[in-house]
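Generate the whole structure from the sequences, applying the supplied hints.
What follows is the residue order along each chain.
2 protein chains.
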Amino acid sequence: MKPMDAEQLREYGHQMVDFIADYYKNIENFPVLSQVQPGYLRQLLPDSAPTHPESLQDVLDDVQAKILPGVTHWQSPEFFAYFPSNSSVAGFLGEMLSASINMVGFSWISSPAATELEMIVLDWLAKALKLPDEFLSTGQGGGVIQGTASEAVLVVLLAARDKVLRRVGKDAIGKLVAYISDQTHSSLQKACKIGGIHPENIRVLKTNSSTQFALSPEPLSEAISQDIASGLIPFFLCATVGTTSSTAVDPLFALGKISKSNGVWFHVDAAYAGSACICPEFRHYIDGVEEADSFNMNAHKWFLTNFDCSALWVKDRSALIQSLSTNPEYLKNKASQENLVVDYKDWQIPLGRRFRSLKLWMVLRLYGLEKLQAYIRNHIELATKFEELVRLDSRFEVAAARKFSLVCFYLLPPKSNEEIGDKLNHDLLDAVNSTGKLFISHTVLSNRYVLRFAVGAPLTEERHVLAAWETLQEKASDLLMNL
Amino acid sequence: MKPMDAEQLREYGHQMVDFIADYYKNIENFPVLSQVQPGYLRQLLPDSAPTHPESLQDVLDDVQAKILPGVTHWQSPEFFAYFPSNSSVAGFLGEMLSASINMVGFSWISSPAATELEMIVLDWLAKALKLPDEFLSTGQGGGVIQGTASEAVLVVLLAARDKVLRRVGKDAIGKLVAYISDQTHSSLQKACKIGGIHPENIRVLKTNSSTQFALSPEPLSEAISQDIASGLIPFFLCATVGTTSSTAVDPLFALGKISKSNGVWFHVDAAYAGSACICPEFRHYIDGVEEADSFNMNAHKWFLTNFDCSALWVKDRSALIQSLSTNPEYLKNKASQENLVVDYKDWQIPLGRRFRSLKLWMVLRLYGLEKLQAYIRNHIELATKFEELVRLDSRFEVAAARKFSLVCFYLLPPKSNEEIGDKLNHDLLDAVNSTGKLFISHTVLSNRYVLRFAVGAPLTEERHVLAAWETLQEKASDLLMNL
Numbered sequence: 001m002k003p004m005d006a007e008q009l010r011e012y013g014h015q016m017v018d019f020i021a022d023y024y025k026n027i028e029n030f031p032v033l034s035q036v037q038p039g040y041l042r043q044l045l046p047d048s049a050p051t052h053p054e055s056l057q058d059v060l061d062d063v064q065a066k067i068l069p070g071v072t073h074w075q076s077p078e079f080f081a082y083f084p085s086n087s088s089v090a091g092f093l094g095e096m097l098s099a100s101i102n103m104v105g106f107s108w109i110s111s112p113a114a115t116e117l118e119m120i121v122l123d124w125l126a127k128a129l130k131l132p133d134e135f136l137s138t139g140q141g142g143g144v145i146q147g148t149a150s151e152a153v154l155v156v157l158l159a160a161r162d163k164v165l166r167r168v169g170k171d172a173i174g175k176l177v178a179y180i181s182d183q184t185h186s187s188l189q190k191a192c193k194i195g196g197i198h199p200e201n202i203r204v205l206k207t208n209s210s211t212q213f214a215l216s217p218e219p220l221s222e223a224i225s226q227d228i229a230s231g232l233i234p235f236f237l238c239a240t241v242g243t244t245s246s247t248a249v250d251p252l253f254a255l256g257k258i259s260k261s262n263g264v265w266f267h268v269d270a271a272y273a274g275s276a277c278i279c280p281e282f283r284h285y286i287d288g289v290e291e292a293d294s295f296n297m298n299a300h301k302w303f304l305t306n307f308d309c310s311a312l313w314v315k316d317r318s319a320l321i322q323s324l325s326t327n328p329e330y331l332k333n334k335a336s337q338e339n340l341v342v343d344y345k346d347w348q349i350p351l352g353r354r355f356r357s358l359k360l361w362m363v364l365r366l367y368g369l370e371k372l373q374a375y376i377r378n379h380i381e382l383a384t385k386f387e388e389l390v391r392l393d394s395r396f397e398v399a400a401a402r403k404f405s406l407v408c409f410y411l412l413p414p415k416s417n418e419e420i421g422d423k424l425n426h427d428l429l430d431a432v433n434s435t436g437k438l439f440i441s442h443t444v445l446s447n448r449y450v451l452r453f454a455v456g457a458p459l460t461e462e463r464h465v466l467a468a469w470e471t472l473q474e475k476a477s478d479l480l481m482n483l
Numbered sequence: 001m002k003p004m005d006a007e008q009l010r011e012y013g014h015q016m017v018d019f020i021a022d023y024y025k026n027i028e029n030f031p032v033l034s035q036v037q038p039g040y041l042r043q044l045l046p047d048s049a050p051t052h053p054e055s056l057q058d059v060l061d062d063v064q065a066k067i068l069p070g071v072t073h074w075q076s077p078e079f080f081a082y083f084p085s086n087s088s089v090a091g092f093l094g095e096m097l098s099a100s101i102n103m104v105g106f107s108w109i110s111s112p113a114a115t116e117l118e119m120i121v122l123d124w125l126a127k128a129l130k131l132p133d134e135f136l137s138t139g140q141g142g143g144v145i146q147g148t149a150s151e152a153v154l155v156v157l158l159a160a161r162d163k164v165l166r167r168v169g170k171d172a173i174g175k176l177v178a179y180i181s182d183q184t185h186s187s188l189q190k191a192c193k194i195g196g197i198h199p200e201n202i203r204v205l206k207t208n209s210s211t212q213f214a215l216s217p218e219p220l221s222e223a224i225s226q227d228i229a230s231g232l233i234p235f236f237l238c239a240t241v242g243t244t245s246s247t248a249v250d251p252l253f254a255l256g257k258i259s260k261s262n263g264v265w266f267h268v269d270a271a272y273a274g275s276a277c278i279c280p281e282f283r284h285y286i287d288g289v290e291e292a293d294s295f296n297m298n299a300h301k302w303f304l305t306n307f308d309c310s311a312l313w314v315k316d317r318s319a320l321i322q323s324l325s326t327n328p329e330y331l332k333n334k335a336s337q338e339n340l341v342v343d344y345k346d347w348q349i350p351l352g353r354r355f356r357s358l359k360l361w362m363v364l365r366l367y368g369l370e371k372l373q374a375y376i377r378n379h380i381e382l383a384t385k386f387e388e389l390v391r392l393d394s395r396f397e398v399a400a401a402r403k404f405s406l407v408c409f410y411l412l413p414p415k416s417n418e419e420i421g422d423k424l425n426h427d428l429l430d431a432v433n434s435t436g437k438l439f440i441s442h443t444v445l446s447n448r449y450v451l452r453f454a455v456g457a458p459l460t461e462e463r464h465v466l467a468a469w470e471t472l473q474e475k476a477s478d479l480l481m482n483l
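Line by line, the protein sequences are chains A and B. At position 38 of the first sequence the residue is numbered 38 (UniProt numbering), and the sequence of numbers has no breaks. At position 48 of the second sequence the residue is numbered 48 (UniProt numbering), and the sequence of numbers has no breaks.
Capping the alpha-carbon separation at 20 Å, the derived lysine-lysine pairs in PhoX-like fashion look like this: (1) B/Lys332 with A/Lys423; (2) A/Lys163 with B/Lys193; (3) A/Lys2 with B/Lys25; (4) B/Lys2 with A/Lys25; (5) B/Lys175 with A/Lys193; (6) A/Lys371 with B/Lys2; (7) A/Lys175 with B/Lys175; (8) A/Lys403 with A/Lys385; (9) B/Lys193 with A/Lys193; (10) B/Lys193 with B/Lys170; (11) B/Lys334 with A/Lys423; (12) A/Lys332 with B/Lys423; (13) B/Lys170 with A/Lys193; (14) B/Lys163 with A/Lys193; (15) A/Lys170 with B/Lys193; (16) B/Lys371 with A/Lys2; (17) B/Lys423 with A/Lys334; (18) B/Lys66 with B/Lys25; (19) A/Lys175 with B/Lys170; (20) A/Lys170 with B/Lys170; (21) A/Lys175 with B/Lys193; (22) B/Lys175 with A/Lys170.
Please keep in mind that the hints were generated in silico from the structure rather than gathered at the bench. None of the values given here were measured: they were computed from a predicted structure.
Quick look at the structure:
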């Protein structure tokens, strides 16, 4: 086998396409959640790399026999855990193309098409989401593809941090305060830690079921006032549209107004639910985004674009660039020096970057916005169906208002024995996941261990939702009977 | 087109394989460096995403007519700029497989095979590089795939920062000092900025041609002593094996001893040159790595593994985990809670991660170590050949000692007119790059603008090197004639 050869690539590429198509054809035959034990693979593979070449067939046989049993099948139609991670034909083709061109797009000149297509496609997506014009690349802002929402929130947090520190001096870093809710994604606290924000300066504002776990403006206002009174410096607020636990939606408009009047950077994390906002009937969930400084949605979750592709928009790209730019001699070039172009290396943590806009472009073109809307609506209808089934079974309770395609639910313990509720639901989770027939995950809401059923895999149909519910009912009956 | 369908994926996947194989077949017909002007693509594409689906053929036609002219062809055999970014048949197949499984491997449970294969394959690679056993996953250390060397250096810098701050208190962040040379990659300064290390606490130690641009131990010792005397806290040293400008090699053993005796975290960046160290005759370049706390090499540069795949090893994984772990309720699971497994989310900046070990595993298996060694040796021989050609032409000078597959060279200006040297070389760079026949880049060494010729693309053969040299000579003649 040569390192690269067009005809070998053709031959083996076709072989791999068939292997992959067969994987999808048979995907329902695998346990969704891998049932292997920790350390299983080390027993099956040699201790060191081979000296001599092995055949592709040998490797594919090992993928089948040794790797796939250890895979949790996120593309299975019976995957209902976490949030989805969509693969699609278009997204997959885009990954293939990107991997073959295999350029490193740090600067415009290192592959102009990569930078320019990214700018254009993120403008397309911003328009599909009806984001305000300030987020378009044609003004002072623009979009950029980050690897993940964690990286998106980190880069804007750094931009916000440095913007304030340029004003008040870098020794004041210990005074900067960030505001989140107890439902905000864990990546925000991690970003603070990375950026040197003191853990005690992260205000984790409490939410509860009375606001459906949304962050209320009042406690935010109060916290900001108190911090200012104590000589601290509020600098960052992260609101969420579609929280991880229960898809709660924070009130963007009210929170944004408070941010603005206090000079606080306002970031909106719509990593999961942003995709739904291409549908007119769900767009209202991001009303108020015009108040935000930055907005993020993961095309790799529920938008048919293979992982990773996290779309971030900012209104003031110069803030990002001031925090993240480097300009070593060996990367200098005329287009960059003359400020004629965007160099995305200055909008992100890494220097190198893949040609990720290709897959998003292919998704938008091969499906078109109408089909993408229909795709989202179908999942929301399936989740609505599941929610109805839960409501029809009096042994269960819906644990949080469903807004998108996630249903949080709870198996009620016997009235005489309410303290076993958490264990009961935990046991139900283990029982259904260990069947291999479906995979769901959990969270804690109002101090209760509740189950999460997230619809969103491209292959999921109504029959899969019905079958999953049947397994859940069956295992619930077993557990209740054996109490 | 359905979002996902095995038979559609098969049909369109085969079509895409042929498109890609044809791209490689014709790759020499493209100008290596894209010749488009800033903004070219916006004029060719619509303003917004289509409402209705378009055909794959339409998209592929656009890739051919609109995207490829804007691509700088890193896989071209005439790409000699920066450092290489290898694609290979094996790496490409691995990318395909990874994109199709499309799982998000944040925790072991989210796809056990992804975590376990990564541990195993990084152990394989560590053994191929003869790294000390402390870097293996079987002890307290281990390897992890980061996206890029920038991320690798950032995570270890954060681990080092927090390790010291846990001891001296977080308010001392303004006292932490990092040590690098003026040849260290720009990502180190960026990592410091991200982590809140004060810019004036980055000691950029000077190198010069007398040490072939390697960092000398003496100035490091002095700088550390002075900083300690001033009440500052030395915490991090980055040494490089194969610097970006000229592939200088810092003396690891001596630097490591100084680090160790001062409690400084010692990171070794071998992003480019690490690959060569699988050959016994080049392994000596990383002698002293046993003194390091962390070591990094980019399999995506010169190791036939498609971008991105940056291998990082640490001796003390708990330092990474203490800096980067999160433990939100919605990700809790038995295997993690019982500490039975590695959760790579705690070794990196993002939460989500792709199944990148697959492509590295396929590269190691489909080529085997002997062929990989031969691959590296061939490029080094080609670079040696190019160096000889430069030496044979008295108009040129080799500008730095060649160690691996990079040759730095300089077109000598007329003796009567030495001040035009920089411009002359800049003009030569522009002249050859605008032919489209080859792509080289530049750097500055000892205040001179010098040209970099980096061999390392999988398709590069001797004829490409000879042709590139011919173009360089021809353009040099033109320039010298028109002085």
